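Novice: The primary structure of each chain is shown beneath.
Number of protein chains: 2
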Amino acid sequence: MFHPRSIAVVGISADMAKFWMRELYLDALVRSGYPGQIYLVNPKGGEMQGHPIYRTLSEVPGPVDHVVASIPARFTPALMEECCARGVRVVHMFASGFAETGVPDRIALQDRLVEIARRGNMRIIGPNCLGIYYPGGRIGLSPDFPGEAGPVGYLCQSGGNADFMVRLAVTRGLRFSKVVSYGNACDINECDLLDYYADDPETEVIAAYIEGITDGRRFARVLKRAAAAKPVVIFKGGYTEGGLRAAASHTGSLAGTDAIWEGVIRQAGAIRVYSIEEMVDMLVALLRMTPPEGPNTCVIGNGGGASVMATDEIERAGLRMALMPPEIRDELAGFIDLANSMLRNPIDAGPVTQQDGLNFLLSLGDRRPMEGLREAVLAGAKVGGDWQRLHDVLRRWPGLDLVVYQHGFDISPTPVDECGVAGSAGMMMRAASELRLPRAIVLHSMANDHSWQVTVELRALCADMGLPLFHSMRGAATAIRRLIDHHRAHPGWAPRPEPEENVAARVRAGRPDHKTGGPASEIAALLPGPARGQPPSPAP
Amino acid sequence: MFHPRSIAVVGISADMAKFWMRELYLDALVRSGYPGQIYLVNPKGGEMQGHPIYRTLSEVPGPVDHVVASIPARFTPALMEECCARGVRVVHMFASGFAETGVPDRIALQDRLVEIARRGNMRIIGPNCLGIYYPGGRIGLSPDFPGEAGPVGYLCQSGGNADFMVRLAVTRGLRFSKVVSYGNACDINECDLLDYYADDPETEVIAAYIEGITDGRRFARVLKRAAAAKPVVIFKGGYTEGGLRAAASHTGSLAGTDAIWEGVIRQAGAIRVYSIEEMVDMLVALLRMTPPEGPNTCVIGNGGGASVMATDEIERAGLRMALMPPEIRDELAGFIDLANSMLRNPIDAGPVTQQDGLNFLLSLGDRRPMEGLREAVLAGAKVGGDWQRLHDVLRRWPGLDLVVYQHGFDISPTPVDECGVAGSAGMMMRAASELRLPRAIVLHSMANDHSWQVTVELRALCADMGLPLFHSMRGAATAIRRLIDHHRAHPGWAPRPEPEENVAARVRAGRPDHKTGGPASEIAALLPGPARGQPPSPAP
Numbered sequence: 000m001f002h003p004r005s006i007a008v009v010g011i012s013a014d015m016a017k018f019w020m021r022e023l024y025l026d027a028l029v030r031s032g033y034p035g036q037i038y039l040v041n042p043k044g045g046e047m048q049g050h051p052i053y054r055t056l057s058e059v060p061g062p063v064d065h066v067v068a069s070i071p072a073r074f075t076p077a078l079m080e081e082c083c084a085r086g087v088r089v090v091h092m093f094a095s096g097f098a099e100t101g102v103p104d105r106i107a108l109q110d111r112l113v114e115i116a117r118r119g120n121m122r123i124i125g126p127n128c129l130g131i132y133y134p135g136g137r138i139g140l141s142p143d144f145p146g147e148a149g150p151v152g153y154l155c156q157s158g159g160n161a162d163f164m165v166r167l168a169v170t171r172g173l174r175f176s177k178v179v180s181y182g183n184a185c186d187i188n189e190c191d192l193l194d195y196y197a198d199d200p201e202t203e204v205i206a207a208y209i210e211g212i213t214d215g216r217r218f219a220r221v222l223k224r225a226a227a228a229k230p231v232v233i234f235k236g237g238y239t240e241g242g243l244r245a246a247a248s249h250t251g252s253l254a255g256t257d258a259i260w261e262g263v264i265r266q267a268g269a270i271r272v273y274s275i276e277e278m279v280d281m282l283v284a285l286l287r288m289t290p291p292e293g294p295n296t297c298v299i300g301n302g303g304g305a306s307v308m309a310t311d312e313i314e315r316a317g318l319r320m321a322l323m324p325p326e327i328r329d330e331l332a333g334f335i336d337l338a339n340s341m342l343r344n345p346i347d348a349g350p351v352t353q354q355d356g357l358n359f360l361l362s363l364g365d366r367r368p369m370e371g372l373r374e375a376v377l378a379g380a381k382v383g384g385d386w387q388r389l390h391d392v393l394r395r396w397p398g399l400d401l402v403v404y405q406h407g408f409d410i411s412p413t414p415v416d417e418c419g420v421a422g423s424a425g426m427m428m429r430a431a432s433e434l435r436l437p438r439a440i441v442l443h444s445m446a447n448d449h450s451w452q453v454t455v456e457l458r459a460l461c462a463d464m465g466l467p468l469f470h471s472m473r474g475a476a477t478a479i480r481r482l483i484d485h486h487r488a489h490p491g492w493a494p495r496p497e498p499e500e501n502v503a504a505r506v507r508a509g510r511p512d513h514k515t516g517g518p519a520s521e522i523a524a525l526l527p528g529p530a531r532g533q534p535p536s537p538a539p
Numbered sequence: 000m001f002h003p004r005s006i007a008v009v010g011i012s013a014d015m016a017k018f019w020m021r022e023l024y025l026d027a028l029v030r031s032g033y034p035g036q037i038y039l040v041n042p043k044g045g046e047m048q049g050h051p052i053y054r055t056l057s058e059v060p061g062p063v064d065h066v067v068a069s070i071p072a073r074f075t076p077a078l079m080e081e082c083c084a085r086g087v088r089v090v091h092m093f094a095s096g097f098a099e100t101g102v103p104d105r106i107a108l109q110d111r112l113v114e115i116a117r118r119g120n121m122r123i124i125g126p127n128c129l130g131i132y133y134p135g136g137r138i139g140l141s142p143d144f145p146g147e148a149g150p151v152g153y154l155c156q157s158g159g160n161a162d163f164m165v166r167l168a169v170t171r172g173l174r175f176s177k178v179v180s181y182g183n184a185c186d187i188n189e190c191d192l193l194d195y196y197a198d199d200p201e202t203e204v205i206a207a208y209i210e211g212i213t214d215g216r217r218f219a220r221v222l223k224r225a226a227a228a229k230p231v232v233i234f235k236g237g238y239t240e241g242g243l244r245a246a247a248s249h250t251g252s253l254a255g256t257d258a259i260w261e262g263v264i265r266q267a268g269a270i271r272v273y274s275i276e277e278m279v280d281m282l283v284a285l286l287r288m289t290p291p292e293g294p295n296t297c298v299i300g301n302g303g304g305a306s307v308m309a310t311d312e313i314e315r316a317g318l319r320m321a322l323m324p325p326e327i328r329d330e331l332a333g334f335i336d337l338a339n340s341m342l343r344n345p346i347d348a349g350p351v352t353q354q355d356g357l358n359f360l361l362s363l364g365d366r367r368p369m370e371g372l373r374e375a376v377l378a379g380a381k382v383g384g385d386w387q388r389l390h391d392v393l394r395r396w397p398g399l400d401l402v403v404y405q406h407g408f409d410i411s412p413t414p415v416d417e418c419g420v421a422g423s424a425g426m427m428m429r430a431a432s433e434l435r436l437p438r439a440i441v442l443h444s445m446a447n448d449h450s451w452q453v454t455v456e457l458r459a460l461c462a463d464m465g466l467p468l469f470h471s472m473r474g475a476a477t478a479i480r481r482l483i484d485h486h487r488a489h490p491g492w493a494p495r496p497e498p499e500e501n502v503a504a505r506v507r508a509g510r511p512d513h514k515t516g517g518p519a520s521e522i523a524a525l526l527p528g529p530a531r532g533q534p535p536s537p538a539p
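Keeping their order, the protein sequence lines are chains A and B. In terms of numbering that gives the first Met the number 0, the first sequence has 539 at position 540, counting the first letter as 1, and numbering is strictly consecutive. In terms of numbering that gives the first Met the number 0, the second sequence has 442 at position 443, counting the first letter as 1, and numbering is strictly consecutive.
Worth flagging that the hints you see were computed from the coordinates, not collected in a lab. Do not take every clue at face value.
What the hints assert, rightly or not - Pulled a few chain A residues facing chain B out of the computed Cβ check, cut under 10 Å:
#1 Ser95
#2 Gln156
#3 Phe163
#4 Arg166
#5 Thr170
#6 Tyr208
#7 Thr296
#8 Val298
#9 Arg343
#10 Gln387
#11 His390
#12 Asp409
#13 Arg458
#14 Ala459
Claimed, not checked - Once the Cα atoms are required to be at most 20 Å apart in a straight line, the calculated SDA-like pairs of lysine to any residue come out as:
#15 Lys17(A) / Asp416(B)
#16 Lys17(B) / Leu361(A)
#17 Lys17(B) / Asp416(A)
These numbers were taken from a predicted model, which means no experiment stands behind them. Heads up, the beta-carbon is just placed ideally off N, CA and C, and yes, glycines get one too.
Excised from the complex, chain A in its bound form:
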């Protein structure tokens, strides 16, 4: 399934209305450097991008291992027979209009496909799905999916959720070993895929979006085995009564009651989430964080209101805001002004670290702040200054399990600019990367287009560096609580460290778009004499 010597794309068409087929199943294969043979098939014949289009599968000259079928449902049995005759191993049935319609004829049609496949010793992926993305085997899919592989093995009953999850995970620096969108699961199903990923050496963590299952006992058994081998993060789509009906209508699934699902997932030791966003947060926690030994958290960041809200989110998720010991508070008070700060926990970092940020910006000369930040990161420069003093104090805090750094952008009274992003949030990010305790970074409160634009380089750099980046405190805290629970149940598991060259390659790649500011020297020019202090993050 993952190593076909050749792929035939049946139903490809020069018709503009089917441009997506060319992009997904021809362009993506070519671009990703698929080493096997690609054959195109359409009754109209012709050619496309130098590839001849064969009128039937039978006309294809060489052996065909894998067929992608995007033709009307009624023609699929005939195609299956042809596949049978040609010795095809796997048919990915992109086509829809089968059991998911709930119409008896269509259910019967799907059953016929399975019969033919059994007879011809073939396997079917689908119908009603996107198929395979396997960067390691150079099987690309959507044009914006990355060429590099990573540790996440993903099985997804929905095509849309495969797309959304890959794209969202990429913005957080994650990559995939294999993704299979498997739709109606008339043959290859969630159990087969879980079983496979459990043993797959390329997969460190398994993610699953499942709407329904066909064999509950096997599923419970397979899930238990997989979750014992590596973390399995499950999002069960259709867990409410209406959702159950919707799942039946989408992929023809028997969705099961929520109580049964809860029991099966819990007993297996898998991790349950309730949205694609929560799934990505969980993967970030598993793959980018050292699991904390306990829930005692310190939050460091900017803004008083943000700090109060952060505390609520931390405790609501089942973590605990650690009480700051008086001697730690005294040490902090030794170098931090009382006004406009919060020397308890959470710690309002604005006034602590503004001088560090300003010194950094002043050191940049004519470079753009984000350019300077990227260079400093690449050069492995240490942060030093007040951040280092702060970390020195934190290290002496007994019983602290975890530090969460948070920076909100649109909580600033004046719109955020690149200097603020690089000098404040960027320095915080660099500091976080140096801390030895388990830590997470939350870059949040991008309310509008301006703050989105001006922060995009920083967010990309943070993800590229392999830091555990979240975009809401609620998301971070929920994932971290689940990480602690998972770590307690599976203390032996840890992801293999990512190869150094992968990280370096991602960081070097950079993000050339979205240059949002001028050179840092413009700030220096504006500063009257020796600069003391940036704008306070006002009205906390």
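Since chain A is already given, all that's left is putting chain B on it; use the hints.
Specialist: Frame of chain A; chain B shown alone:
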């Protein structure tokens, strides 16, 4: 407080490190056209942007109604005495370093300010806060806050949450009557402000971020009166045990236990939310939706997985996915293909409406799709076609209370482009604007920078048109459930319709940035012959 004849900004400085003061308390007043006198005060003297800087408040030539004070805390009593002598009415104490520090000296310092204010018959806003934004009185604040007024009166104990909330609400088309960031509340407090907004004819809906209160009985009484007059949306910051401590450290608040808060808010008939995002969602629901009579919801949108997840979110929030009557299903099946659709509830709209979108794009000639969409909206053109047929059927669905339209962008197998945005989501948005039933629009799943960019014009247009726009199904469903409950408790309340000219002005203003595509004619050129069908929203 809201109508000062003159404002003196004490502590303004040419120092770059205090540039924000100039932006907030000089530039913003000038730009917003503040009609009164502006005086600048700093012991160093000099001038700024043509305004002389007086060395002391006593030197100011004319009467001073309002003082903004950004000076170190230790100098504030002397300033208060000066204010007293000058007959100042209101002092906005931006400065921090008072009771919020928890240090006895600092608490005493704050008490002294109050004593002096009482003696001089002055009122204090703060300390430790951003102060007033009052577009109707031309008192601007942050440079990116809009000049137009709107129906939301907001009291916010945190400055950062005032900034974030205004910016987030603006992206959804909302505007404010008055915003007061009131910090430590040593004098003017949440009760005074609630009381004021309850009677304020410029305020239709009250939003409140409150960390703590000083007089529980008065608060319960005032809140009850305000919530009887108009909806009051409350976000209580610091509702967990750690959050309570954090609130005390941020604004020196007595935060109270969560059970007491829950009881007081419920008894008053106010609406409780748990984040700034939920607050904005709730304001959108109150101000942009007709309250549904019941929870029976139909969801229309693209993507099967998205539809399943939408159903879960709808039911989890306490709404109900209405069962589609067989006769409605039969009618839909009369013009919608079975394959790649979901003719139950949710309805997968992709295959229903693709021809409408394509026809629209083909009609645009050399215009950019988003330009064409904006023009069509301005001209009030009706959607017609399959959307109209779909709406005709929905109208005959008995007992349907609500339609939620959802469109996900990054669930598409190929990256979304401007044609897809305008032709699919844009047409859906136009259709939604024509439906007479209560309805909401959810534009979601912008995973990465590309989809953010290419959708930003559509989102702005949707908000500008005054449509009820949400960015997650969870957010929409939660707000709508609360809207139904509020409507049942207060059946007589409805916001006054927004003046036509306000809406027209917003829509005309447009969004000139972010042009993301070429002319629509490029598509037409690519189409071989009579175009049938857009790419299906594949693998549901």
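Novice: All hints are to be evaluated individually against the structure, with a verdict given for each.
Specialist: Now the hints, each set against the structure:
1. Because the beta carbon of Ser95(A) sits about 5 Å from the nearest beta carbon in chain B, less than 10 Å, this interface hint is met.
2. The beta carbon of Gln156(A) comes within 8 Å of a beta carbon in chain B, closer than 10 Å, and the hint placing it at the interface holds.
3. Nearest Cβ of chain B to the Cβ of Phe163(A): about 5 Å, under the 10 Å cut. The hint holds.
4. A cut of 10 Å between beta carbons decides the hint on Arg166(A): the least distance to chain B is about 4 Å, and the hint holds.
5. For Thr170(A), the suggested interface contact is upheld, since its CB lies about 5 Å from the closest CB of chain B, less than 10 Å.
6. At about 7 Å, the closest approach between the beta carbon of Tyr208(A) and any beta carbon in chain B falls short of 10 Å, and the interface hint on this residue holds.
7. A distance limit of 10 Å between C-beta atoms decides the matter here; for Thr296(A) the minimum to chain B is near 9 Å, and the interface restraint holds.
8. Against a cut-off of 10 Å between C-beta atoms, the interface hint on Val298(A) holds, since the closest Cβ of chain B lies about 9 Å away.
9. The criterion of a C-beta within 10 Å of any C-beta in chain B is met by Arg343(A), whose closest approach is roughly 5 Å, and the hint holds.
10. For Gln387(A), the interface hint is violated, the least distance from its beta-carbon to any beta-carbon of chain B being 23 Å, above 10 Å.
11. At its closest, the beta carbon of His390(A) sits 21 Å from a beta carbon of chain B; the interface hint therefore is violated under the 10 Å criterion.
12. The beta carbon of Asp409(A) comes within 5 Å of a beta carbon in chain B, closer than 10 Å, and the hint placing it at the interface holds.
13. Hint status for Arg458(A) relative to chain B: holds, with the closest Cβ pair at about 9 Å, below 10 Å.
14. Checking Ala459(A) against chain B by beta carbon gives a least distance of about 8 Å; that is within 10 Å, so the hint holds.
15. A distance of roughly 15 Å separates the Cα atoms of Lys17(A) and Asp416(B); the hinted pair therefore holds under the 20 Å criterion.
16. Note on Lys17(B) and Leu361(A): the hinted pairing holds, with a Cα-Cα distance of about 17 Å set against a maximum of 20 Å.
17. A distance of roughly 15 Å separates the Cα atoms of Lys17(B) and Asp416(A); the hinted pair therefore holds under the 20 Å criterion.
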